[in-house]
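Which chain is which? The protein sequence lines are H and U, in order.
FYI, in my numbering the residues of the first sequence are 1 to 114.
FYI, in my numbering the residues of the second sequence are 1 to 110.
Quick caveat, the hints were computed from the structure, so don't treat them as lab data.
Don't be surprised by glycine CBs; every beta carbon is placed ideally from N, CA and C.
Some hints could be false.
Pulled from the structure, derived: some chain H residues nowhere near chain U, Cβ distances all over 10 Å [unchecked claim]: (1) G16; (2) T20; (3) G28; (4) S33; (5) F45; (6) N71; (7) N77; (8) E82; (9) L114.
To give an idea of the chain U side of the interface with chain H (calculated C-beta under 7 Å), a few residues [unchecked claim]: (10) G43; (11) P44; (12) G54; (13) D58; (14) L88; (15) N96; (16) M98; (17) F100; (18) G101; (19) G103; (20) R105.
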Amino acid sequence: ETGVTQSPTHLIKTRGQQVTLRCSSQSGHNTVSWYQQALGQGPQFIFQYYREEENGRGNFPPRFSGLQFPNYSSELNVNALELDDSALYLCASSSERGGTDTQYFGPGTRLTVL
Amino acid sequence: QKEVEQDPGPLSVPEGAIVSLNCTYSNSAFQYFMWYRQYSRKGPELLMYTYSSGNKEDGRFTAQVDKSSKYISLFIRDSQPSDSATYLCAMSVRNNDMRFGAGTRLTVKP
Chain H
1 ETGVTQSPTH
11 LIKTRGQQVT
21 LRCSSQSGHN
31 TVSWYQQALG
41 QGPQFIFQYY
51 REEENGRGNF
61 PPRFSGLQFP
71 NYSSELNVNA
81 LELDDSALYL
91 CASSSERGGT
101 DTQYFGPGTR
111 LTVL
Chain U
1 QKEVEQDPGP
11 LSVPEGAIVS
21 LNCTYSNSAF
31 QYFMWYRQYS
41 RKGPELLMYT
51 YSSGNKEDGR
61 FTAQVDKSSK
71 YISLFIRDSQ
81 PSDSATYLCA
91 MSVRNNDMRF
101 GAGTRLTVKP
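Working from the sequences, and respecting the hints, build out all of it.
Here it is as C-alpha cells:
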C-alpha cells in the first residue's frame, strides 16, 4: 500500500450534477496530481497541485477544478457531469514539485454518470 | 496519431518466460520514462523510472529507452503468475504531466 487514500471508493451520479472527490497524500508529500482513467485506457493527466497552487494542467475543460489544502490533501471537483466523465479517478502524491519519478497512486474513485 | 502508442494485448505467456513489453511515442521532447504495473481494481504502481536514454535493471525487470527510435521497452525475466497485471508505460517532458499508454494486459500461466 502507498499511503495515498481516496474517498469515496465508488460514486454514482446523474448527468448535470456536481461531484467532489478527495485525496489524502502520503505523509511528507507536498504535491498531488489527478488523473482520469477510462475503461481500457491509460490514465490521462488532469492537473497537479504543488504547495496549494496549480502546477500544470492537462487538456480538460474548466468544469474540472481542484484544490489543495495546507495539509496537502486535495479535492477534485467536476461540475455539470457528462456521461463521458464515467471513469476511475486517480490521485498520486509525490515529495517534490513535478516528481513523476516518485508519484505514488491511490486506489482511485470509480465514478459512474447515468 | 496518439502521443504514446502501446499494444493493449492481451499477452499470455507460460511461467518462467521472458516478457517483452513496448511503447512508441511521437513527442521527441519526452525526457522521463516510466513503467507502471496495475492490478485489477488498484492504482498504478511504479516499477521503473529512467531519465533520458539507456538501460536500467532492477531485479527481474529491465527498462530500455531508445530516444533515436522513440521506443521504450520493459523486459521481465523468469515471469511469475503474480506478474499478471496491466503494464502501463508513461513519459513526460517537464517531470510533471505524465502521458500514459493504453496499457498491455499480461497473463502468466502456471
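Right, here's what the structure says about each hint:
For G16(H), the non-interface assignment is confirmed: its Cβ lies about 28 Å from the closest Cβ of chain U, beyond the 10 Å cut-off. The beta carbon of T20(H) sits about 19 Å from the closest Cβ of chain U, which is more than 10 Å, so the claim that it is off the interface holds. Taking the minimum C-beta to C-beta distance to chain U, about 17 Å, the non-interface status of G28(H) holds against the 10 Å cut. Look at S33(H): its CB is around 7 Å from the nearest CB on chain U, not clear of 10 Å, so calling it non-interface is violated.
At roughly 4 Å, the least C-beta separation between F45(H) and chain U is not larger than 10 Å, which violates its mark as non-interface. Against chain U, the non-interface label of N71(H) holds: every CB pair exceeds 10 Å, the least being about 21 Å. Every beta carbon of chain U lies more than 10 Å from that of N77(H), the smallest distance being close to 19 Å; the non-interface claim holds. Against the 10 Å criterion, E82(H) stays outside the reach of chain U, whose nearest CB is about 22 Å from its own CB.
With 10 Å as the threshold on Cβ separation, the claim that L114(H) sits away from chain U holds: the shortest Cβ distance comes to roughly 21 Å. With a least beta-carbon distance of about 3 Å to chain H, the hint placing G43(U) at the interface is held under the 7 Å criterion. Taken as an interface hint, P44(U) checks out: its beta carbon lies about 5 Å from the nearest beta carbon of chain H, inside 7 Å. At about 15 Å, the closest approach between the beta carbon of G54(U) and any beta carbon in chain H exceeds 7 Å, and the interface hint on this residue is violated.
Interface restraint check: D58(U) against chain H, minimum CB-CB distance 13 Å, threshold 7 Å, status violated. With 7 Å as the threshold, the beta carbon of L88(U) comes within range of chain H, its nearest partner Cβ sitting at about 5 Å, so the hint holds. Proximity of N96(U) to chain H holds as hinted, the smallest CB-CB distance being about 4 Å (cut-off 7 Å). Against a cut-off of 7 Å between C-beta atoms, the interface hint on M98(U) holds, since the closest Cβ of chain H lies about 5 Å away.
Hint on F100(U) holds. Least Cβ distance to chain H is approximately 3 Å, under the 7 Å limit. Taking 7 Å as the C-beta contact cut-off toward chain H, the hint placing G101(U) at the interface holds, the least distance being around 5 Å. For G103(U), the interface hint holds, the least distance from its beta-carbon to any beta-carbon of chain H being 5 Å, beneath 7 Å. Because the smallest distance between the Cβ of R105(U) and any Cβ of chain H comes to about 9 Å, over 7 Å, the interface hint for this residue is violated.
Consistency with the previously given hints fails for numbers 4, 5, 12, 13 and 20, ordered from lowest to highest.
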